[in-house]
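Undergrad: Protein chains in written order, with UniProt numbering: chain A, 1 to 242; chain B, 1 to 242.
It should be emphasised that the hints constitute simulated quantities derived from the structure, not laboratory data. Any given hint could turn out to be false.
To be verified - Result set (SDA-like, lysine to any residue): computed pairs, CA atoms no more than 25 Å apart in a straight line:
#: 1; chain 1: A; residue 1: 92; chain 2: B; residue 2: 82
#: 2; chain 1: B; residue 1: 39; chain 2: A; residue 2: 145
#: 3; chain 1: A; residue 1: 92; chain 2: B; residue 2: 87
#: 4; chain 1: A; residue 1: 63; chain 2: A; residue 2: 32
#: 5; chain 1: A; residue 1: 92; chain 2: B; residue 2: 3
#: 6; chain 1: A; residue 1: 146; chain 2: A; residue 2: 156
#: 7; chain 1: B; residue 1: 39; chain 2: B; residue 2: 87
#: 8; chain 1: A; residue 1: 92; chain 2: B; residue 2: 46
#: 9; chain 1: B; residue 1: 134; chain 2: A; residue 2: 204
#: 10; chain 1: B; residue 1: 4; chain 2: B; residue 2: 153
#: 11; chain 1: B; residue 1: 138; chain 2: B; residue 2: 87
#: 12; chain 1: A; residue 1: 92; chain 2: B; residue 2: 209
#: 13; chain 1: B; residue 1: 138; chain 2: A; residue 2: 124
#: 14; chain 1: A; residue 1: 205; chain 2: A; residue 2: 218
#: 15; chain 1: A; residue 1: 224; chain 2: A; residue 2: 191
#: 16; chain 1: A; residue 1: 92; chain 2: B; residue 2: 153
#: 17; chain 1: A; residue 1: 63; chain 2: B; residue 2: 129
#: 18; chain 1: B; residue 1: 204; chain 2: B; residue 2: 52
#: 19; chain 1: A; residue 1: 92; chain 2: B; residue 2: 39
#: 20; chain 1: A; residue 1: 134; chain 2: A; residue 2: 43
#: 21; chain 1: A; residue 1: 146; chain 2: B; residue 2: 189
#: 22; chain 1: B; residue 1: 138; chain 2: A; residue 2: 205
#: 23; chain 1: A; residue 1: 134; chain 2: B; residue 2: 59
#: 24; chain 1: B; residue 1: 92; chain 2: B; residue 2: 37
#: 25; chain 1: A; residue 1: 138; chain 2: B; residue 2: 126
#: 26; chain 1: B; residue 1: 153; chain 2: A; residue 2: 51
#: 27; chain 1: A; residue 1: 138; chain 2: B; residue 2: 134
#: 28; chain 1: B; residue 1: 134; chain 2: A; residue 2: 92
#: 29; chain 1: A; residue 1: 134; chain 2: B; residue 2: 112
#: 30; chain 1: B; residue 1: 63; chain 2: A; residue 2: 87
#: 31; chain 1: B; residue 1: 63; chain 2: A; residue 2: 205
#: 32; chain 1: B; residue 1: 92; chain 2: A; residue 2: 145
#: 33; chain 1: B; residue 1: 138; chain 2: A; residue 2: 92
#: 34; chain 1: B; residue 1: 92; chain 2: A; residue 2: 58
#: 35; chain 1: A; residue 1: 184; chain 2: A; residue 2: 129
#: 36; chain 1: A; residue 1: 92; chain 2: B; residue 2: 59
#: 37; chain 1: B; residue 1: 39; chain 2: B; residue 2: 1
What the hints assert, rightly or not - Over the 10 Å line for every Cβ pair with chain A, so calculated as not near, a few chain B residues:
#: 38; residue: 10
#: 39; residue: 50
#: 40; residue: 81
None of the values given here were measured: they were computed from a predicted structure. Just so it is clear, CB atoms sit at the ideal spot from N, CA and C, and this is done for glycine as well.
Number of protein chains: 2
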Amino acid sequence: MALKVYVDRMSQPSRAVLIFCKINGIDFEEIRVDILTNKQFSPEYKAINPMRQVPAIVDGRFKLFESHAILIYLCCAFPGVASHWYPGDLFKRSKIHSVLDWHHSNLRRGTVGLVFNTIIGPLNGLPSNAQAAKEGEKLLVRSLAKLEDFWLKDGRFLTGSLQPSIADISLVCEIMQLELLSEKDRDRILSPYKKVVQWIEDTKKATAPHFDEVHGILFKAQKKFRERMATESVKNEVKSKM
Amino acid sequence: MALKVYVDRMSQPSRAVLIFCKINGIDFEEIRVDILTNKQFSPEYKAINPMRQVPAIVDGRFKLFESHAILIYLCCAFPGVASHWYPGDLFKRSKIHSVLDWHHSNLRRGTVGLVFNTIIGPLNGLPSNAQAAKEGEKLLVRSLAKLEDFWLKDGRFLTGSLQPSIADISLVCEIMQLELLSEKDRDRILSPYKKVVQWIEDTKKATAPHFDEVHGILFKAQKKFRERMATESVKNEVKSKM
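Next up, chain A with everything else stripped away, as it sits in the complex (with noise of 0.2 Å):
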C-alpha cells in the first residue's frame, strides 16, 4: 500500500512534502483536505491528525504530522531519497535541525502573521488586524536578514551547503506565500535580500518541474487576490471621489 500524503497545496508545509516525496521518486497517492471549506475539521481526518493540521501522512499503519517530522522520516524510511537531502553526517545533521528548528518562531510565524492578517484572513471574512500584519512584517524581514547573512554565507544552499536539503525546500515553500501579496509589496519586502531571491530561483531550479507544478495554485490564487485587490482600489477611488 502506497505512502498517503494529507494536503492542501494553498498550505506552504503541504507543499514542501508534496515537491519531496516527487522529486524523490516517492511512490505515493495525494489526499486533498481543503481547509477552505473546514474538511480537517472532519471526524475523518481527526483520526488521521487530531492537531488537525496539513500535512499529515499514513505509511501503512503509522501515522505522522508535522512538516519537518514528516520529512526526515521519509528521508529515511525511502532508502533511495540521496543523502545531501538530510545528510548522516552527526554536524550537518545538526545544522538541518537548527535551521528547521529556528524556521518555526522566526520566518514561518513572520510569514503566517503578514500573509494571514492581510490576505488570507479579510478574504476568509475574518477582521483584518492591522497591528499584528505589522508585527508579522517585521519578524519577516529580520529572518530574511537572518537568512541573507548567516544561513546563506557560506553557500548555495542553507547551512553552507552546495546541494539542497529537507529546510530548503520547507523554506522557500514558506517564502513563496508572499506571492498571494501584491507586487509592490512582495518586491519591497523581498528584493534587498539578493542572496535569499538567489537561493529561491536555485531551489526552484533543483526541484523542477515538481516546485512549479505544486505552486500552480497559490499562482492561481495570486491572480484571483490580485484582481479583487485591484478591484477594490479602483472602488475607493470612485468613492473618494464622490
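Once you have looked at the hints, place chain B on chain A.
TA: Structure of chain B alone, referenced to chain A:
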C-alpha cells in the same frame, strides 16, 4: 576540552539542556549569559550565536543553537546517553520529532505569550499587553488539553513512552515557567489537567536531583515576584479605599 554550554537558567530551554547534561553525566562547563543585563547582545556572544539567544553550545570547533537541535546532538555525540532519550527506532524517533515541532507553535508560544505579557515584560519596564496575554493563555490551555488527551494518552511520558525522552524534559521545563504566575493563576490553569500534573511530577522524579537544583533560580524569582504582586495588591486596595 569539555563541552561549553551557554545558558541563562531563567530561560526554559536553557534549563532543559542543563538538566539533560547533568542526568546523563556529560562533562560540561556552564557559561552564564545574563539575559537581564543583555549579555546575549555582546560581540563575544554574537560569535557563539548570531541569533543572540540562549542556549547555545560549543563542542570543540562545532557551534550549535536551538535547544531541540542541541538535545538531539548531545544524544548522538555522547555514547553514554541511554537510548530512551532519543530512540534509534525510526517510528519512535519520528514521534519525538513531531511532538518537539508541535511544541514550538503551541505550548511554547502559549506559555511565553502569557508569562511574558503578564510578568516578565512589566517587571522589566515594558508596557503590559492584556490582549497578548489573553491570546497566550488561550493557546496554552488548548495545548495543555492536547497534552492531556493526545500526547499523554498512552503512557507515563510523551508519545506513549514508559521512560522519558528529550521531549519530556523540554516541554516540562516550558510548563515550569508558569511557576512565575500567582499560585492562584497557576493552579487555575494547570490543575484541570490531571495527567499533565502527574507527568510533570514523573519527569521531575526521573531527573532528580538535577531538576530541582537547576530550577532553584526560578523558585527564588517566584518568591520575589509573588511578594511584589502581594505588595502591589495591598497598595491598590489602600488606594481604592482613599
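Undergrad: Look at each hint and say if it fits the structure.
TA: Each hint tested on the structure:
For the suggested pair residue 92 of chain A and residue 82 of chain B, the alpha carbons sit about 23 Å apart, so the restraint of at most 25 Å is met. Simply put, residue 39 of chain B and residue 145 of chain A have alpha-carbon atoms about 22 Å apart, close enough for the 25 Å limit, and the pair holds. Taking the CA atoms of residue 92 of chain A and residue 87 of chain B, the gap is about 20 Å. The hint holds against a cut of 25 Å. For the hint pairing residue 63 of chain A with residue 32 of chain A, the CA-to-CA distance comes to about 16 Å; that is within 25 Å, so the pair holds.
A C-alpha spacing of about 18 Å is found between residue 92 of chain A and residue 3 of chain B, which places the hinted pair at or below 25 Å, so the restraint holds. This hinted pair checks out: residue 146 of chain A and residue 156 of chain A have alpha carbons roughly 15 Å apart, not beyond 25 Å. As the CA atoms of residue 39 of chain B and residue 87 of chain B are separated by approximately 36 Å, the hinted pair breaks the 25 Å bound. A hinted pair counts as satisfied when its Cα atoms are at most 25 Å apart, and residue 92 of chain A with residue 46 of chain B qualifies at roughly 21 Å.
For the hint linking residue 134 of chain B to residue 204 of chain A, the alpha-carbon distance of about 40 Å lies beyond 25 Å, and the restraint is violated. The suggested pairing of residue 4 of chain B with residue 153 of chain B is violated, with an alpha-carbon distance near 37 Å, which exceeds 25 Å. For the hint pairing residue 138 of chain B with residue 87 of chain B, the CA-to-CA distance comes to about 33 Å; that exceeds 25 Å, so the pair is violated. For the suggested pair residue 92 of chain A and residue 209 of chain B, the alpha carbons sit about 34 Å apart, so the restraint of at most 25 Å is broken.
Between the alpha carbons of residue 138 of chain B and residue 124 of chain A the distance comes to roughly 22 Å, so the proposed pair stays at or under 25 Å and holds. As the CA atoms of residue 205 of chain A and residue 218 of chain A are separated by approximately 18 Å, the hinted pair is consistent with the 25 Å bound. Pair hint residue 224 of chain A plus residue 191 of chain A holds up; C-alpha atoms about 23 Å apart against a cutoff of 25 Å. Between residue 92 of chain A and residue 153 of chain B, the direct Cα distance comes to roughly 35 Å. Violation of the 25 Å bound is thereby established for this hinted pair.
Distance restraint check for residue 63 of chain A and residue 129 of chain B: the Cα-Cα separation of roughly 39 Å exceeds the 25 Å cut-off, and the hinted pair is therefore not satisfied. Between residue 204 of chain B and residue 52 of chain B, the direct Cα distance comes to roughly 29 Å. Violation of the 25 Å bound is thereby established for this hinted pair. For a cut-off of 25 Å, the pair hint linking residue 92 of chain A to residue 39 of chain B is broken: about 28 Å separates their Cα positions. With a C-alpha separation of about 36 Å, the suggested pair residue 134 of chain A and residue 43 of chain A falls outside the 25 Å cut-off, and the hint is violated.
Between the alpha carbons of residue 146 of chain A and residue 189 of chain B the distance comes to roughly 36 Å, so the proposed pair goes past 25 Å and is violated. Restraint check for residue 138 of chain B and residue 205 of chain A: the C-alpha separation of about 42 Å exceeds 25 Å, so the hint is violated. For the proposed pair residue 134 of chain A and residue 59 of chain B, the alpha carbon gap of about 39 Å is over 25 Å, so the pair is violated. A distance of roughly 41 Å separates the Cα atoms of residue 92 of chain B and residue 37 of chain B; the hinted pair therefore is violated under the 25 Å criterion.
Distance check on the hinted pair: residue 138 of chain A and residue 126 of chain B sit about 18 Å apart at the alpha-carbon level, within 25 Å; holds. Of the pairs offered as hints, the one joining residue 153 of chain B and residue 51 of chain A holds, with about 14 Å between alpha carbons and a cut-off of 25 Å not exceeded. For the hint pairing residue 138 of chain A with residue 134 of chain B, the CA-to-CA distance comes to about 22 Å; that is within 25 Å, so the pair holds. For a cut-off of 25 Å, the pair hint linking residue 134 of chain B to residue 92 of chain A is broken: about 40 Å separates their Cα positions.
For the hint pairing residue 134 of chain A with residue 112 of chain B, the CA-to-CA distance comes to about 20 Å; that is within 25 Å, so the pair holds. Simply put, residue 63 of chain B and residue 87 of chain A have alpha-carbon atoms about 17 Å apart, close enough for the 25 Å limit, and the pair holds. For the proposed pair residue 63 of chain B and residue 205 of chain A, the alpha carbon gap of about 31 Å is over 25 Å, so the pair is violated. Between residue 92 of chain B and residue 145 of chain A the alpha-carbon distance is near 36 Å, which puts this suggested pair outside the 25 Å criterion.
Simply put, residue 138 of chain B and residue 92 of chain A have alpha-carbon atoms about 37 Å apart, too far for the 25 Å limit, and the pair is violated. At most 25 Å may separate the alpha-carbon atoms for a hinted pair to count; residue 92 of chain B and residue 58 of chain A meet this at roughly 15 Å. Restraint check for residue 184 of chain A and residue 129 of chain A: the C-alpha separation of about 20 Å stays at or below 25 Å, so the hint holds. Of the pairs offered as hints, the one joining residue 92 of chain A and residue 59 of chain B holds, with about 14 Å between alpha carbons and a cut-off of 25 Å not exceeded.
Proximity of residue 39 of chain B to residue 1 of chain B is assessed by CA-CA distance (about 24 Å); at most 25 Å being required, the pair is judged to hold. Every beta carbon of chain A lies more than 10 Å from that of residue 10 of chain B, the smallest distance being close to 18 Å; the non-interface claim holds. Residue-level check failed: residue 50 of chain B sits 5 Å from the nearest beta carbon of chain A, not beyond 10 Å. Consistency note on residue 81 of chain B: stated as away from chain A, and its beta-carbon is indeed over 10 Å from all of that chain's, at 13 Å minimum.
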